[in-house]
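Trainee: Now for the letters of each chain:
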Amino acid sequence: MSNRPNLPPLSLHVPEPKYRPGDEADFSDLQIPAAGSAPRPATDVHPSAIHDLSYGLVRVLDDEGRAVGPWDPKLDPDRLRAMLRAMALTRAFDERMYRAQRQGKTSFYMKCTGEEAVAVAATFALDRDDMCFPSYRQQGILISRGYPLVEMMNQIYSNKGDPLQGRQLPIMYSSKETGFFSISGNLATQYPQAVGWAMASAARGDTRIAATWCGEGSTAEGDFHSALTFATVYRAPVLFNVVNNQWAISSFSGFAGAEATTFAARAIGYGIAGLRVDGNDALAVYAATEWAAERARTNQGPTLIEHFTYRAEGHSTSDDPSAYRSSGEPNAWPLGDPVRRLKDHLIRLGEWDEDRHAAMDRECAETVKAAQKEAEKNGILGHGLHQPFETMFEGVFEDMPWHLKEQSDQMIAERKAAGI
Amino acid sequence: MNMIQAINSAMDVMMERDDHVVVMGEDVGYFGGVFRATAGLQKKYGKTRAFDTPITEIGIIGVAIGMGAYGLRPVPEIQFADYIYPALDQLVSEAARLRYRSNGDFTAPITVRSPYGGGIFGGQTHSQSPEGIFTHVSGIKTVIPSTPYDAKGLLIAAIEDNDPVLFLEPKRIYNGPFDGRYDRPAKNWTAHPASEVPEGYYRVELGKAATVRAGEAVTILCYGTMVHVVASTIEELGIDAEIIDLRTLVPLDIEAIETSVKKTGRCMIVHEATRTSGFGAELSALVQERCFYHLEAPIERVTGFDTPYPHSLEWAYFPGPVRLREALKKIMKD
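Those sequence lines, one after another, are chains W and R. Following my numbering, the numbering of the first sequence begins with 1 at its first residue and continues without gaps. Following my numbering, the numbering of the second sequence begins with 1 at its first residue and continues without gaps.
The reader is advised that the hints may include incorrect statements.
Here are a few chain R residues that face chain W, going by a calculated C-beta distance under 8 Å [unchecked claim]:
id	residue
1	T48
2	T56
3	G59
4	A64
5	I65
6	M67
7	L72
8	D89
9	S93
10	E94
11	D105
12	F106
13	G139
Derived from the structure by calculation, the hints contain no laboratory data. Think of the CB as a built atom: it goes at the ideal place given N, C-alpha and C, for glycine as much as any other residue.
Please put together the full structure from these sequences, using the hints given.
Mentor: Okay, here's the thing in structure tokens:
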């Protein structure tokens, strides 16, 4: 209650998404610029000269599947097909592992349906030895770099073949050899870490760069802003990817500030180059990443790329999106499906057809199925074929201190006493 | 050398030996740190190995972790331990668990240096002792020196350690040992035997306590500034106490503690940090579990109070000779 009745009462704005369960989703008011309309500046452009690109949308593939405009990366058909396959394989992997979770074979799974291009196309545009600091929805990086599906599944099942010894939540992979940093469930923590890695690479006169990903929701975390500050100060060779898939579990992007501005525009205040791209357009993601990577490699500093996309499925297997958003949203999403759009492009080029696509989908499904069979030989979660119990105490420190040895001995003794 | 010089020397020695060692933090580069701990390092090793950072502790630690993952050995400084809290998530959830969660695929070989503790009229934002927060966390080591010699040797061992280490520096004794009397200036370290610090490389192993004074009447477990307050109080009272300077809290030298308490039959624990859930509680529980039948009196804890550090009343808060004498009377009465 106001204690000054002569003044108008203040009011608090609490954001609300446009559609809730039962509403018909309609995205016709979204400003979607035509494919090919965004200019492509030279990679040594000063960030202050390209503020428009933080508010627009870099798009290459038009509605007819043509690659148009200055951002067309002009990839050869073999490379396009390889990218398409990596995206299709990621989707097939997700479908199979989602089902495995529903069958009780593991505790948890997260699909990236609708966002395959964000990780896959970016990985194709990076070098194999560039270091990725992903969030939890970039399984496409590992798949694009040919990391064995069986190993991914072993991790998901926390079985005896799990390279992480059953210590991590499913999907929180780690593979230094693949340039894939250990995933944390805490949001945006990888952002400053990626900057540190990139700074170290620069300080050592290396040529490798770093890339990191977070969701639009976690741009609210302090780590995000600290990372951008560090990156701009030291002109670190790092790519910041913000995957704006519209939903952070049940909170829509408005709770991270999307009503007021874009996420790419976060770059402006830091003097960092910012690009907003159609995240469902593999060629746009590729082109933006390639552009940003060249900037990083030529000591022009960091780039922030907002991938404007849509999380077509739930946040995780523990989430029910029908409880908070319109069921029509995924289909109404105006930027379409990234796999279909790349497929249509290849068909239009005369380099692909529906039959070959169907055959590829079958092959991906078979590949994943075979991998699953192989992985399940090592066990599934909770079925006994896991790591020996005492491994729990290993790796907390390089050498095991006395108190962990004692606790390990205690556990072994108590299990023995209990007859298990 | 005083303790600050010894700490500077440790970084100098390590930067000379291994070009993967980098120091970073607010004001640590050109200026050499507000306490001068990094003075001269930028001039000697260049700006990419000793550099100033933005004022963001999350950033400092997060970036250090990334550098560590790349293969460097970062020594980030948090200007005052009171400011470590913004970086807590990076330390607790990331640095401490990186080795474990990646099964050794990635590690964070970082040494986080930070001045801590009271007695310099620093008020509630320049006086805290946060060690108990970190000893509760799996995967991070906590080291606290009490002499220039130890500070250098322990810091070298910490920088060489492949695990994340929190290296807390008792700033009250940066310049000289302190007997707990607020109205006296710190004595100069040059008059102290532990000020003999070799110029070159040497290590003081982590996880090993030091027996500062051997005795039969009571075991006093302490670390940091408190080692000196305890020693001078004991001397003054003429009690035959065994003073153990823990030096590292994780990993803890349980053998030294157990052997001593079983010998003396009495145990007193002294730290500056607030009492409730402080590291003294852990020490007390360990001694009770391991030495109960040897104890002739209840374990006594002498600590800071469960209040923020009060600026004008810091000497009433600080566990100085007054509180120590009362506690000693109590534990020695039977």
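Trainee: Please go over all the hints and tell whether each is borne out by the structure.
Mentor: Hints, verified against the model:
A cut of 8 Å between beta carbons decides the hint on T48(R): the least distance to chain W is about 4 Å, and the hint holds. Interface hint at T56(R): satisfied, since its Cβ lies 4 Å from the closest Cβ of chain W, which is below the 8 Å cut-off. Interface restraint check: G59(R) against chain W, minimum CB-CB distance 3 Å, threshold 8 Å, status holds. A least Cβ separation of about 6 Å between A64(R) and chain W falls short of the 8 Å threshold, and the interface hint therefore holds.
With its C-beta approaching chain W no nearer than about 5 Å, I65(R) sits inside the 8 Å limit, and its interface hint holds. Interface hint at M67(R): satisfied, since its Cβ lies 4 Å from the closest Cβ of chain W, which is below the 8 Å cut-off. A least Cβ separation of about 5 Å between L72(R) and chain W falls short of the 8 Å threshold, and the interface hint therefore holds. The closest approach between the C-beta of D89(R) and any C-beta of chain W is roughly 6 Å, which is under the 8 Å cut-off, so the hint is satisfied.
Interface restraint check: S93(R) against chain W, minimum CB-CB distance 5 Å, threshold 8 Å, status holds. Against a cut-off of 8 Å between C-beta atoms, the interface hint on E94(R) holds, since the closest Cβ of chain W lies about 5 Å away. Residue-level restraint check for D105(R) holds (minimum Cβ-Cβ distance to chain W is 5 Å; threshold 8 Å). Evaluation of the F106(R) hint against chain W yields a held restraint, the C-beta minimum of about 5 Å falling below 8 Å.
Interface hint status for G139(R): upheld, as the beta-carbon distance to the closest one in chain W is roughly 5 Å, under 8 Å.
Every hint, counting from the list given before, is met by this structure.
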